[in-house]
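Undergrad: Could you build the full structure based on these sequences and the hints that come with them?
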Amino acid sequence: MDLENQNRVKTLTEKYGAENMLILLGAAEAESAGLAAETVTNGDPTFAGPLAGVQLGLKVYHAVEPEFKDAVNPDVYDEQVGMMEMVLDVDGIVEEMNNIRSEFCKY
Amino acid sequence: MSFPVIKGTGYVLVHTPDIMHHHGTTQSLERAAHPDSEYLKSLNDHTRSYEDVVAYAPNQTYIGNLHPEELRNVPTPWFQNGLENAQRVGTFGEIMPQDEFYGLMKISDAFDLVSLEEGFLKKAKEKLEAHPLFKEDVAKMGSGDTLADVERFIKDHHADPLFHEGHLVGCVKRAHDVDVSLTAHIIFENLVSKASGVLAMKHLVDKTGLDVNSIDYVIECSEEACGDMNQRGGGNFAKAIAEVVGAVNATGSDLRAFCAAPTHALIEAAALVKAGVYENVVVVAGGATAKLGMNGKDHVKKEMPLLEDVVGGFAVLVSQNDGVNPVIRTDLIGRHTVGTGSSPQAVITSLITAPLDKGGLKIIDIDKYSVEMQNPDITKPAGAGDVPEANYKMIGALGVKRGDLERADLAAFVTKHGMPGWAPTQGHIPSGIPYVGYAQQDLTTGDLNKTMIVGKGSLFLARMTNLFDGVSVVLERNSGEVEAPGTGVSKNEIKEMIVEAMKELAAQLMKE
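Line order of the protein sequences matches chains L and Y. In this text, residue positions in the first sequence follow full-length UniProt numbering: the first is 1, and each later residue adds one. In this text, residue positions in the second sequence follow full-length UniProt numbering: the first is 1, and each later residue adds one.
I should point out that these hints are in silico values taken from the structure, not numbers from a laboratory. Computed from a predicted model, the values in this text were never measured in an experiment. Any given hint might turn out to be false.
[Unchecked claim] Computed cross-link-like contacts, DMTMM-like style, restricted to lysine to aspartate or glutamate with a CA-CA straight-line distance of at most 20 Å: (1) Y:Lys380 to L:Glu31; (2) Y:Lys450 to Y:Glu69; (3) Y:Lys380 to L:Asp89; (4) Y:Lys297 to L:Asp2; (5) Y:Lys301 to L:Glu31; (6) Y:Lys297 to L:Asp44; (7) Y:Lys302 to L:Asp89; (8) Y:Lys380 to L:Asp2; (9) Y:Lys401 to L:Asp89; (10) Y:Lys401 to L:Glu85; (11) Y:Lys302 to L:Glu85; (12) Y:Lys401 to L:Asp78; (13) Y:Lys297 to L:Glu31; (14) Y:Lys301 to L:Asp44.
TA: Below, the structure written as C-alpha cells:
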C-alpha cells in the first residue's frame, strides 16, 4: 500500500476510532490484496510507511467478497463490478482475505 | 469519408546500464537513504551486457524484428532464452549502446550542457561516424574536456556525473545557478528524453524514405517537462527534436497526458491532417531515466537481472490518405470522460465498446487490441501480474456481458485478439503505441482488417485530480479509395457520377 494511502488510513483511524473504520480493497491479485489487508491490520510488512509496526486491526474486505456483494444493490454491483468478477481469481482473493482477517482483525 | 493514414513508424531502445544505476529513482532514492545498502552493492551482478539486451526477445519485437505472434513462441522467462543471431538494427529502428547515446546527447545539446571526457568522446565519435544516421552530425560533438574539468564541473558546479562501465566519462551541467527547474538532474532527464526522441524520429524518416523537409508539424508526448522557474513546463521538446532531425519546415508542440499521451497525440495528429491543417504530422517521444530499474529490488530478490535497463522511444508519421496504408478512423474514438467513473468496467466500456457502438461493431470485430503492452517478464516478478493479459481478459469479459462472445470462449479471445507484452515499463512507451508499427504491416501486407489502439494514464499521480484517463482509436485496412481533395467523395464515385451523366446525355441525344 503506498505511503500516502497508509497515511490517510492512519489519520482517519485516529479521527474516527478503529472500531468505526472499514477498509474496502479493489486490488487485482490475491497477493497484493493480502499485502494491503495486512498493512491495515498488522502493520506495513515492508516497514516503509506510516503504518510500519502499527497494528490497527481494522475490518478489511475486498470488493469481490460475498460480505460486500450481499450488502449492496445487485444491479449497481453488476454494473460496476460484474465484469471484474469474471476476470479476477475470486476464490484466491477470498481465501487470502479470510486468512488475514482471522489472523489480524480486531473488530 | 476520407481518413488520414499511418505512413510509417520508428521504434528505438537505448541500453543505459549506468544511467539505471545512478538516475533510476529506485536506485537514486536508495543511494540517498542507504548509500551502503546490499541492494546497491548487488547492482553490477544483476546488470545485463549490451549483447544480452540485443538478444532479449521482447527488445527484438520492439524494434521490428520479431512479430508479437512469434514472440509468443519464445520460451519464458525471456531473459533466460536469448535469441541467437539477434541484430542491433530492426525494421523499425535499433538498440543503441550507451557510449554512442552519450555522443547523441552531446549532438542534441544546444547549450553546451553535456561535457564528455576527451578520450571517451573520441571513441564515441568514431562509432557515430560509422552510424548511417549520424555521420553528418558528429562535427557538433566538439573535442571534449579533460577529466579534471569534468570532475571540477561536478565538484564545484553541481553537475550530474555520466558513467560508462562504472567509470566517470562526463557530466551534464546545471543550466542556471539558482533556478530549480534548470538543475543538472532535470537537464539530464530532459536531454535523455530529447536525444532518444531524436533517435526515434531519425529512424522514422529513414525507414519511410520521407523527405524531412515535408514534415509540417511535430507532436511530442513524453512524460518530462522542460522550462525554467517562471514556466516550469513551458516546452517545447517537439521543436527541439525537429531541429536536430533537420525538419526545417516543421514546428510543433508538446502534449502531456501521462501514459495516455501517445494515443491522444495520434488522434490529434489525425485530426490535424484530416482537417487539412497539415499534410505530414509526426508524433514522437523519447524515454524516461527515472523509470530505469524501477522494479529493481524485486528483480534482485528473485535473482534476476534488472530488466528495466533500456530507455525507449518511438515516432509515428500521420499523413493524408494514400489509398495504401491503414486509415485512422477518427469517427471511432473512445474517451474516458470526467463523468465516466473509475471502475474498470466503466473504463473499459468508455474506451472499448463506446467507439465500437458508434461503428455498429462487436468486440470480436476488432482483430487485435493494443493495450498497455508492458513486458510480463518485468512486471510478473514485481507482483504486478501480466498487464496486457489482464486487459484482454477485461475486454473479453465485457464482450461476454454484452453477448458478443460466449463465456467458454474467453480464453480463446485473449489469445486471438490479444498479444504478449513486449514493451519496457517506461510509462508512455508501452501504452498502446508499441503495436502501431506491426499494425501498419498487419493491415497492409498481413491479413488483419481492424485493430484498436488504447492509451490509458494515471492522472492522479500529479495530484491535480483523482481521475484516471484514457483514449482509444480504431486503425483499419485501407479500402484503396481516396477522396478527391475538398469534395467529400472518392475518385471512383466521381468517375461513376461522370459515367452516369454521360449516359444520360447520350440517352437524351438519342431521343432527340
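Undergrad: Against this structure, judge whether each hint is valid.
TA: Now the hints, each set against the structure:
1. Restraint check for Lys380 (chain Y) and Glu31 (chain L): satisfied, since their Cα atoms lie roughly 12 Å apart, inside the 20 Å limit.
2. In summary, the hint linking Lys450 (chain Y) to Glu69 (chain Y) is supported, as the alpha carbons are separated by about 16 Å, within the 20 Å threshold.
3. At most 20 Å may separate the alpha-carbon atoms for a hinted pair to count; Lys380 (chain Y) and Asp89 (chain L) meet this at roughly 16 Å.
4. Pair hint Lys297 (chain Y) plus Asp2 (chain L) holds up; C-alpha atoms about 16 Å apart against a cutoff of 20 Å.
5. About 16 Å separates the Cα atoms of Lys301 (chain Y) and Glu31 (chain L), which keeps this hinted pair within 20 Å; it holds.
6. For the proposed pair Lys297 (chain Y) and Asp44 (chain L), the alpha carbon gap of about 17 Å is at most 20 Å, so the pair holds.
7. Between Lys302 (chain Y) and Asp89 (chain L), the direct Cα distance comes to roughly 24 Å. Violation of the 20 Å bound is thereby established for this hinted pair.
8. For the hint pairing Lys380 (chain Y) with Asp2 (chain L), the CA-to-CA distance comes to about 19 Å; that is within 20 Å, so the pair holds.
9. Distance hint between Lys401 (chain Y) and Asp89 (chain L) is fulfilled; the C-alpha atoms sit about 18 Å from each other, no more than 20 Å.
10. A hinted pair counts as satisfied when its Cα atoms are at most 20 Å apart, and Lys401 (chain Y) with Glu85 (chain L) qualifies at roughly 11 Å.
11. At most 20 Å may separate the alpha-carbon atoms for a hinted pair to count; Lys302 (chain Y) and Glu85 (chain L) exceed this at roughly 30 Å.
12. The suggested pairing of Lys401 (chain Y) with Asp78 (chain L) holds, with an alpha-carbon distance near 10 Å, which does not exceed 20 Å.
13. Proposed proximity of Lys297 (chain Y) and Glu31 (chain L) is supported: the alpha carbons are some 17 Å apart, at most 20 Å.
14. Restraint check: the Cα-Cα separation between Lys301 (chain Y) and Asp44 (chain L) comes to about 19 Å, which is no more than 20 Å; the hinted pair holds.
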